[in-house]
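There are 4 protein chains.
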Amino acid sequence: MKNNELRIGVIGAGRIGKIHAQNLATCVPGAVVTAIADVNEDAARELAARLHVPRAVSDFHEVLRDPAVDAVAICSSTDTHADLIIQAAQAGKQIFCEKPVAHDLRKIDAALEAVEKAGVKLQIGFNRRFDANFRRVRDLIAAGDIGEPHLLRITSRDPAPPPVEYVKVSGGIFLDMTIHDFDMARFLIGSEVKEVFTAGAVRVDPEIGKAGDLDTAVVTLFFENGTIGTIDNSRRAAYGYDQRVEVFGSKGMANTANNTPHAAVLSTGEGVLSAKPLYFFLERYMESFAEEMRSFVNAVRTNTPTPVSGIDGRIPVVMGLAARKSYDLHRPVALSEIG
Amino acid sequence: MKNNELRIGVIGAGRIGKIHAQNLATCVPGAVVTAIADVNEDAARELAARLHVPRAVSDFHEVLRDPAVDAVAICSSTDTHADLIIQAAQAGKQIFCEKPVAHDLRKIDAALEAVEKAGVKLQIGFNRRFDANFRRVRDLIAAGDIGEPHLLRITSRDPAPPPVEYVKVSGGIFLDMTIHDFDMARFLIGSEVKEVFTAGAVRVDPEIGKAGDLDTAVVTLFFENGTIGTIDNSRRAAYGYDQRVEVFGSKGMANTANNTPHAAVLSTGEGVLSAKPLYFFLERYMESFAEEMRSFVNAVRTNTPTPVSGIDGRIPVVMGLAARKSYDLHRPVALSEIG
Amino acid sequence: MKNNELRIGVIGAGRIGKIHAQNLATCVPGAVVTAIADVNEDAARELAARLHVPRAVSDFHEVLRDPAVDAVAICSSTDTHADLIIQAAQAGKQIFCEKPVAHDLRKIDAALEAVEKAGVKLQIGFNRRFDANFRRVRDLIAAGDIGEPHLLRITSRDPAPPPVEYVKVSGGIFLDMTIHDFDMARFLIGSEVKEVFTAGAVRVDPEIGKAGDLDTAVVTLFFENGTIGTIDNSRRAAYGYDQRVEVFGSKGMANTANNTPHAAVLSTGEGVLSAKPLYFFLERYMESFAEEMRSFVNAVRTNTPTPVSGIDGRIPVVMGLAARKSYDLHRPVALSEIG
Amino acid sequence: MKNNELRIGVIGAGRIGKIHAQNLATCVPGAVVTAIADVNEDAARELAARLHVPRAVSDFHEVLRDPAVDAVAICSSTDTHADLIIQAAQAGKQIFCEKPVAHDLRKIDAALEAVEKAGVKLQIGFNRRFDANFRRVRDLIAAGDIGEPHLLRITSRDPAPPPVEYVKVSGGIFLDMTIHDFDMARFLIGSEVKEVFTAGAVRVDPEIGKAGDLDTAVVTLFFENGTIGTIDNSRRAAYGYDQRVEVFGSKGMANTANNTPHAAVLSTGEGVLSAKPLYFFLERYMESFAEEMRSFVNAVRTNTPTPVSGIDGRIPVVMGLAARKSYDLHRPVALSEIG
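In order, the protein sequences belong to chains A, B, C and D.
Position 59 (the first sequence) corresponds to 193 in the numbering used here; numbering is contiguous.
Position 111 (the second sequence) corresponds to 245 in the numbering used here; numbering is contiguous.
Position 193 (the third sequence) corresponds to 327 in the numbering used here; numbering is contiguous.
Position 19 (the fourth sequence) corresponds to 153 in the numbering used here; numbering is contiguous.
Just so you know, the hints here were simulated from the structure itself, not pulled from any lab data.
Just to be clear, a hint being listed does not mean it is correct.
Given that identical chains are not distinguished, each listed pair holds provided it fits within a single copy or across any two copies.
[To be verified] Straight-line alpha carbon distances no greater than 20 Å define the calculated EDC-like cross-link-like pairs of lysine to aspartate or glutamate that follow: (1) K328 x E299; (2) K459 x E329; (3) K136 x E180; (4) K233 x D217; (5) K385 x E404; (6) K385 x E341.
Bound-form chain A, shown alone (with noise of 0.2 Å):
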């Protein structure tokens, strides 16, 4: 660090890289984004010149290289998230990188060995923990607002599915999308999963499921707590991205409703009208992305734990392997079948 600014090479200058790379420019104080690189050297240069950053660059290893940089930001595919860890963990970078780190545990753990090894900080990207609705009810159960938790409900439903090109290599639905309400249910209980009972269907698109995946699911889960929780997906809300989550417990209950654009009603003879959800991630989560970065650079600044840890990466993919082994034995799989 100089001057004490946390001085940030952003690796990866596609969707997620640039709304990355912008927030450390603009909203977290104590960063400055000092190099972007980007195999596509253009989309590095143009992003670089918007947001003031001084070097853009098509090959991450001088990123690496670059004594100017402290930290990384690894928002390339999911495919390169591993090795990227390693080898920036060997530059002794501190690291945040998007999730998932990897579909399979062996490359995960061979990451996170590094990351122990050198030494260095790993943020993993689950960006929703950091979203003021989830937190508010994470901090109602953490205080002790509703007493023991008994049952959790996770509503997360997109509005529109991927290309099917993608969902043959996005791991499946419980790798990709569910894979963040594994996440959120660890979070808001604080207590781990110990198995997992699917049901799935394909109700979006037969394509989908021609590609071997599911559209539809509801998890449930067991805690070792005792709460009971349940994730339902779907592939396609009509009505917009619907993100809720509702945890009751032997005081009482905490739950959320949807962001709105905005808050306008219209009644008229035909009924009362109001908003539809936000239409997805990038309006929904926009404040969560930028919460993240802050809490990166404040835990590398001040030599404290970050809030996501590699851990954290790692137990979500359990999860959403243990979930999809459900769903083909169509019985309950314990996370300790998965290893």
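Mind docking chains B, C and D on chain A? Use the hints.
Positioned in the frame of chain A, the structure of chains B, C and D alone reads:
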């Protein structure tokens, strides 16, 4: 019928008998209560006096023999229902019977057979179908407003558990409490459930566990039409009676909030405070009790099918037995395994 | 009273008379209807038959002379109210009278004097005080939850205007419609209004203007305790009966939403649609009609003051006259100018 | 403009200047901040450094002389606005100016004349027009969804009063606070106000009264198109910043709720608790500050009229002066009386 009025004998003058008798006497057009029977004759007399009912007896056989009685409302204890249905059918009376018909499928089948043979009408007291909130959701689904249903969620939580003595004879949470939700599931989706999976726990009161029952449960439902449903139950919601449903489909979602005693809101430095749900079923479902009687009386007077038939009384019992078996075996159980 | 039951004669078997008679007969403990009078004797007979009331007459004098009548509920047309109060008081009957007592203050004063002289009780039918929403707001204010009141807002909009023929004899919008809001203002704030300012218009139907009346109005109220209030009225709200209040004070705010026929919500690509308010006063205030009768019967049986006194019936008429005068003169008008 | 980018000099680096400079620098496409001026040169330098702005000066004249400045954003204290507008217009700069232009109509007229003469654009900082809630209500009205407007209600309550020292130089509540609501009234209804009537009080802090001002007010608005409006203001709402509007018309109603920091709800035995409104204008209107700048920049770049013109800056001042006069004279005051 006389003067085109359906003359009804109410059997059982306990809590639910009082409600039905009062509704029939004051707010069900075309109905008149002509007799009330209760083994506690004083209770029968008192209720009859208050409602200007001409006859009060201790022996229900007198009601069944009374030519001035066209129909009976069976409001006695559950263990008497099946036998009373049989005797009432043999006496040629039209029959309204509180749920459940019985905990034993053979008894139910005998009762339904007697009704069939006598050619009388039978309506089972699944009053929640007549609640304005749920009816609206059902109507939206039936009208195609949400498209094909994909996901169903029923939240059904009591404000306080019954006495443990009652728990012991109740048939268990699935036959006593969830049975209403099983009926609601069928009512809303308009398709049969073929398989269930139960996650259950004792979280509210260990005494309930000692009595062999559960107080917290999540039942996953697999419908023939592909809908996946979940019912979550708790015997104690600190904030009152929680009765909500949500149905998600290809074109949208229909769901309901709880009813509250008032719509006033207090905003202070502490936050924005609104009313808890209505306390329990007497407050919450009062209007639905009247409405179900209007439907029954109307079905008899117009000689049309009752809206909740005998088979509608049987299936939720099968579902309850399957739900318990699923909990016991920790695997999905098909309804066809119950018989 | 006989057997500790208050025996009530209902005078007037029209719309509101039917409501009060039915409530007294079925859901007001301690009351019994012993006679019904209506100039249309058939209407009286029909209602009496339905409610098991022993006596139906065309001449209300028979009710006043009947020793089996302890109290009367005056539900006839407004122009008869004051005279009926006087005669009933002279006959020693306890009196419930629909609002308004009269449009003419001298008539009101004569009626109140007769009541005073006879030492009987009088309750005026400002039923909205007994509505759960408004009562909750009043209770919050009375308990100090919002501190000292500073601002009051009453929204009161009908779904449809009355026939113009009725408008002509109604006394005008302020005595016919706003009178309820004037009472509500006093009830909520617990302080008297000393001055009013009226902004009015004809926006709904020009025929109402031709009849010399307004159909849209905003009345500003200056209370003795310093609160400033506004009432806004319209004779036609396209979305139904709009009945809300809001009181803002030094420590917070209490306000109410409308009541709706159900709490179901439909979310689709078009938006999020919920129910319109209940259509009109019969739907919206049904429970408050019963509750005001329970209060009246209780006041008589326990010999305590009625909750809406004769002077509570007079002051809103003064406010209505002042509101009209303010509109005519286009300046604030003190209530002391009315007399 | 250079490279088709509007080069903006920000005059004033205080609270609002910082907001506009940051927005222009980070989230207004097509804009670039090229200079910042503040009498406190350190403040200018610090802000410039943070935002990568090449030039920071203490004398605003340097900005006006700078050929690398196409437009200025006037964010200095109110008493300097009119003079700065005149000088900027004479220098040929496009102008964004914070509200109010001045408390004195002659000063405003001189400024508007200078703008007219120079042929430059002027936009006044009524940012609330760019808020998503109010914009949605305006759009619904403009689209005819509520038919002809009949009634308008604006609730505008601050969480806490400003220091009394500020109150003394603020121009009074109507020019300092209500001025936003006057603009909102015109914006929503799309018609001019011809007359106002004010009810005012000192309820929050007697010191405000001693300074000759009010802290609580209800202003009735008479619009040329027949709409009747009310604005209610308080300098202290215990529950936070209360910013709501409601417009009622022949076909329905459009209204808005407050925005909150989160959408989580806690239900316990105590009731159902949700979040207070966002605390104050910095939280509530942050996005609207960015949006108004996007509109200004867009208007200049496309050479189209600015959405909030100079006359839009003048009329609310007239309304404020009329509102105070109405309070002083305790009678309705026509805007034509103000001049």
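Structure-based check of each hint:
1. K328 x E299: neither (33 Å within a copy, 34 Å between copies)
2. K459 x E329: both (11 Å within a copy, 19 Å between copies)
3. K136 x E180: between (25 Å within a copy, 18 Å between copies)
4. K233 x D217: So K233 and D217 pass the 20 Å test inside one copy only (14 Å; across, 55 Å).
5. K385 x E404: Between. Shortest inter-copy distance 10 Å satisfies the 20 Å Cα cut-off; intra-copy 39 Å does not.
6. K385 x E341: Intra 45 Å, inter 19 Å, cutoff 20 Å: inter-copy only.
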